[in-house]
Amino acid sequence: MTSTSGRSSTLRDGTVPAGTVPDGTVPREVAAARTIEAVYRAEWGRLLALLVARTRRLDLAEDGLGEAVARATERWPRDGVPANPVGWLYTTAHRQVVGRLRAEAIAGRKAPLLAVRPGWVRPAEPGEPGERLADERLHVILLCCHPALPRESRSALALRLVLGTPTEQIARLFLVSPATMAARLTRAKRKIVGAGIPLGHPAEDELRARLDEVCRTIYLAFTAGYTPGAGPDLLRVDLAGEAVRLAAALSDVAPDAGQVRALLALLVLQHARRDARQRDGCLVTLAEQDRSRWHHEEIEAGLALAAGLRPAEGYAEELRLQARIAAEHARAPTAAATGWTSIADRYAELESLTGSAIVRLNRAVAVSESGGPAAGLALLDGLDEVLADNHRVPAVRAELARRLGDTGLARASYRRAIDLCANDVERAHLRARLAEVESADGPASPPDP
Amino acid sequence: MLVSAAVADRDQRSLTVKYFVLLAGQGELPPWDQLTPEEQEAGMARHAAFDEACAARPGVEIVSAEALGDGTMATTLRTRGGEMTITDGPFAEAAEQIGGYYLLDAPDLDTVIELCRVLPAYDIDIRPVLDAP
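Residue numbers (this note's numbering), protein chains in the order written: chain S, 675 to 1123; chain Y, 537 to 669.
No wet-lab data here; the hints were simulated from the structure.
Because the structure is a prediction, the values reported are computed rather than measured.
DSSO-like cross-link-like pairs, simulated, lysine-lysine; straight-line CA separation at most 27 angstroms:
hint, chain 1, residue 1, chain 2, residue 2
1, S, Lys865, S, Lys784
2, S, Lys865, Y, Lys554
3, Y, Lys554, S, Lys784
Partial chain Y-side listing against chain S, Cβ under 10 angstroms, derived:
hint, residue
4, Arg593
5, Pro643
6, Thr647
Glycine is no exception: its CB is placed at the ideal position from the N, C-alpha and C atoms.
Bound-form chain S, shown alone:
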């Protein structure tokens, strides 16, 4: 910490210089760093969206805001946090963009602007200090998740532009090198500008379809975080967390959209279980999770969201049913007290809505809990052909066969699941189950109590 001797304790704009540590308060540097972090997390998306809407230059807006944050990091600890940190960031970033535009104009370079929908109105420049910035985030989210962009780019771009997640971190979350991710983001931004994907508000019908697409994109990123993939890391909880933040941002700007509320309810409820989902590098099944490690405040919030969902159609209804299933799990004080009948019913509705084989698989599990393993086993018929590469089909069959005392089927199914499973940790879990069955498999092995 540098000495502050000889400096007045109060600067002319009322801020306190760095290094002044009044009794019982945090050092100025720490306070400044915290403010930057908080403003960055809370306001990046809104600031960037407004800059994009004002200037119609994605590249310059992103660079300009990055530069403004860098300057804040340098100056605020030294000079004190400005009275209106968000306004300071906006003004500084906007000045950057204007400088770059001027340089381009002088050099005679004509860079293409973002297309805008007919009738689009540019938001006003923020006025009074302290006035809340216009919220253009929905339009930026719709840009990022446009169906003309490659799926693999959409959520990555949304994390970058809407949440401000650094590119290196996005690369880590999506298991690619920073160079690959940077190239992917650049290509996506070029396509938006070059192909003329427009900024602006779609008509009601189109908006519903586009929001469905956004929800799918976010849900895919979330499930990727909780899907044990190939490689040593079991889960990517951070990726799931970013997806929840994205859903929350979307819900902020599209509060009336049923699919968005259902998505947020679903993700909040599922994510609240994060700390209980793995232990000592192993997956912990829902039944075996230590429920005291669930985030109960988040569950309360998720349950409140889920309770407000009304029956809908299409993807909104799919998400609503899934949210209700998640709510049923979340409100059960113990695994044994889970409302399996209700869950099985919701899965049956979901299956008739989607015809999805994965839903059938989950329904089989629910039915085995509410109606016994034999009923569950019957629902697995025909899934092997449709989900030929999915290790969960034989894994579930093995589990149900074990409960029925059919150790032959259990053994064969565990082996098949082990062959198909790509995740190291999950495979170890399956091997352990197989070993249990084999060691218990005497000439007259009794079924599980």
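Following the hints, put chain Y in place on chain S, whose structure we already have.
Frame of chain S, contents of chain Y only:
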């Protein structure tokens, strides 16, 4: 203010983009020559409806549009090592089905996508035409 004026000026210059709308394949539609005269007429009516929809939309104009001869009429030129070879086309299997194109002025991609819903249910490739440098 100087910059705002510059931005406004740019807005004027970039109100529309040219889009090349390639009718790249028949999709689930049967080949044109297998359609009944009534079905062909219905197809033509959709093209006429597309013309009207474009004309009715501010900022949209059909710059040109043509139907193309099918893949059996294509000739492919390839130059390798400075040597041009001429072969029976098309250059790629996917190009066999190309039926024609529209060249449109339009404000943005979403407008083009929406208008294309009026056309027969072809497989369509939309490309922006690049500005001359």
